[in-house]
Every structure is written in structure tokens, then in C-alpha cells.
Amino acid sequence: MFAAPLHASPCDDNGTIELPKGKIVGYTWQVVRKLGEGGCGSVYLVRNLEDDTEAAMKAESNNANGGCVLKLEVAILKKLTGKPHVCKFISAARLTDFTYVIMTLLGKSLNKIVKRVGRQLTVSAQVRIAANILFCLKQIHDIGFIHRDLKPANMALGYKTNSEECRFFHVLDFGLSRQYLVPHSDQPSKFMMRKPRERSLFRGTTRYCSIRMHDRAEQGRVDDLWSMLYLLAELRGPLPWSSQNDKRIVGELKRLHTDEDVLQNCPMEFLEIAKHLRSLTYFHRPDYHKIFMLLLTVMQKGYFI
1 MFAAPLHASP CDDNGTIELP KGKIVGYTWQ VVRKLGEGGC GSVYLVRNLE DDTEAAMKAE
61 SNNANGGCVL KLEVAILKKL TGKPHVCKFI SAARLTDFTY VIMTLLGKSL NKIVKRVGRQ
121 LTVSAQVRIA ANILFCLKQI HDIGFIHRDL KPANMALGYK TNSEECRFFH VLDFGLSRQY
181 LVPHSDQPSK FMMRKPRERS LFRGTTRYCS IRMHDRAEQG RVDDLWSMLY LLAELRGPLP
241 WSSQNDKRIV GELKRLHTDE DVLQNCPMEF LEIAKHLRSL TYFHRPDYHK IFMLLLTVMQ
301 KGYFI
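Just so you know, we're using this note's numbering here: the sequence shown kicks off at 1 and counts up by one.
It is worth saying that the hints were derived from the structure and are not from the lab. Hints should not be assumed to be uniformly reliable.
Unchecked claim - With a straight-line Cα cutoff of 20 Å, these simulated EDC-like cross-link-like pairs (lysine to aspartate or glutamate) come out:
| hint | residue 1 | residue 2 |
| --- | --- | --- |
| 1 | Lys160 | Asp287 |
| 2 | Lys160 | Asp52 |
| 3 | Lys88 | Glu164 |
| 4 | Lys88 | Asp51 |
Given only the sequences and the hints, what does the whole structure look like? Please build it.
Shown next as C-alpha cells:
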């Protein structure tokens with residue numbers, strides 16, 4: 001794994017850096033245009049000068065406060081190498097003014113797709129997306145990390161030129177992730193759960209984070225799955241706290257509303273998923289198979305005909 005636990009540091013300066021069109025990076029990649037900005041850096045479309053393939057490049061200023069978030073991103077992408085339906089690591093380097101990572105280009109985000117549709121998605125679409133997210137989160141958890149910021153903007157379809165990957169949603173942006181498995185102090189070849197802090201800083205997006213995050217508890221695998229459930233519920237209609245931005249108010253509304261309230265537009269199997277999540281603590285491994293079988297039950301009821 002890693003010599004020291006990895007997690008995101010606060011990024012007070014967002015680390016964005018402006019690169020002109022045509023700039024050559026790493027002797028091989030040419031900047032085509034800026035795609036957007038993340039929490040700690042800028043994202044560009046780049047083209048390989050040798051074979052004309054396109055990719056995405058995240059660039060972060062070396063002057064950004066809080067250290068280099070891309071170091072964490074690179075570590076996770078490398079650990080995910082060879083796994084399906086994840087963003088593929090290509091290369092990375094630290095230059096004089098900025099650090100960059102090159103990765104496979106993805107398509108439209110779930111956030112953009114939902115806005116374009118302009119209405120709630122069908123149960124069929126909801127469950128397909130659920131299976132995608134569950135698969136991706138399990139892969140991230142299996143390599144010892146928690147995402148901590150699952151939201152529609154951090155999910156995207158594969159790029160249109162890849163006929164297989166373009167049908168699957170990918171979880172991306174590991175800027176707020178945290179390593180929860182660390183080498184055992186007595187047996188470095190084995191791993192153990194990282195001891196949870198008594199109180200942690202707020203990490204994530206207010207609308208989708210778990211109640212435990214509002215309580216500043218250490219996030220575990222279960223908290224990623226709560227974010228997944230809130231995200232999925234929103235695909236079928238507004239969450240009870242969708243109109244609120246204040247962390248305290250949103251936290252109170254999450255405690256006030258029952259699972260039945262939140263999941264009222266979802267198949268009843270989603271209540272079973274919520275029931276399972278409520279039985280878990282930071283240390284528990286979620287039953288991914290059980291959750292998938294509940295999703296499969298929905299599929300078999302005829303929503304996909």
C-alpha cells in the first residue's frame with residue numbers, strides 16, 4: 001500500500017492554473033482547451049502529439065495552499081490500474097510551476113445529463129446507475145480508500161469513442177479521498193483499519209454527505225454508500241433538503257426525515273438498502289452483494305422491459 005496513510009489536505013487556494021492553448025506539457029501532450037475547474041486545480045483536454053489520441057489533464061499550481069492533492073489522485077489511480085470502468089492513469093509529473101496528471105478522457109457527467117433531461121429519471125435508469133456506482137465504490141474500497149465526495153458532478157460516462165466504456169458511469173475526482181486501510185504496525189505485509197478520529201473536519205458535499213459527517217464522525221465505507229443512496233433518491237425527485245445549503249439545517253432535516261420520506265419515489269428495495277446501511281459502523285464492511293441483489297430484484301420486476 002503506502003508508507004504513510006494518504007488523505008486530502010484542505011486546499012485554501014484552489015490551485016487553479018491557466019495554461020494557453022497549444023502549450024506542450026511533458027514533451028508529448030498539447031493543450032487543446034480548458035474543460036473546467038475542480039476543487040484544487042484545472043482540467044484540460046490534451047492531445048498526444050505522437051498518435052493524436054485525446055486525454056484529460058488535471059493541473060495544480062505548486063503554490064496551492066494545503067499541499068498537492070494530485071499526489072493522492074495519482075496514488076489511487078495507480079492502485080486502480082487494470083480494473084474496469086474506472087478512469088485510467090496515463091502519466092504524471094511535477095514541473096516548475098505546476099503538477100499534472102494525465103488520465104483517460106471521460107464523457108458527460110451525470111450532473112449534466114440530469115440537467116439536460118430536465119425531469120426525474122425512470123426507475124430503469126436509476127437502478128442501472130445504482131449498479132454502476134456500487135461497482136465503482138466497491139473497487140475503491142477494496143484498494144483501501146473512501147471517496148468522501150460522491151455526487152452527480154463526480155460521475156461521468158466513458159468517452160464516446162470507447163464503445164464499451166461509454167455505456168458505464170465512472171466515479172472520478174479523488175481530491176477528498178482518504179485511506180482507511182494502513183499497514184499493520186507489527187506485520188507490515190498485512191493491513192488493518194485506520195483508527196477513526198474522535199472528531200473529523202467536514203469533507204464532502206452538504207447535500208449528499210451522511211448524517212455521520214454532519215456529526216463530524218470519521219467517514220467509512222458506509223458513508224460513501226449513504227451518499228450513493230441520497231444521490232439515487234434525487235434522480236427520482238428532490239430531496240427534502242434540496243433547497244437548503246446551510247450545513248446545520250441540512251443535517252437537521254436529514255435527522256428529521258425518515259428513510260420512507262427520502263426514498264418515497266424509489267422502489268421498496270431501496271428501503272432495505274437503507275436498513276442495511278443503518279446497521280453498519282465505521283468498521284463494518286458493507287454487504288455489496290446483498291445491495292446488488294436488491295437492485296437485481298428491482299430489475300426482475302419488469303422495470304427493464
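### Query
Are the Cα positions of Lys160 and Asp287 separated by 20 Å at most?
Violated: Lys160 and Asp287 sit about 33 Å apart, past 20 Å.
### Query
Lys88 and Asp51: Cα distance at most 20 Å?
holds (17 Å)
### Hinted pair Lys160 and Asp52, Cα distance within 20 Å
holds (16 Å)
### Message
With the threshold set at 20 Å, check whether the alpha-carbon distance from Lys88 to Glu164 stays at or below it.
### Response
holds (14 Å)
In summary, the one numbered hint that this structure violates is 1.
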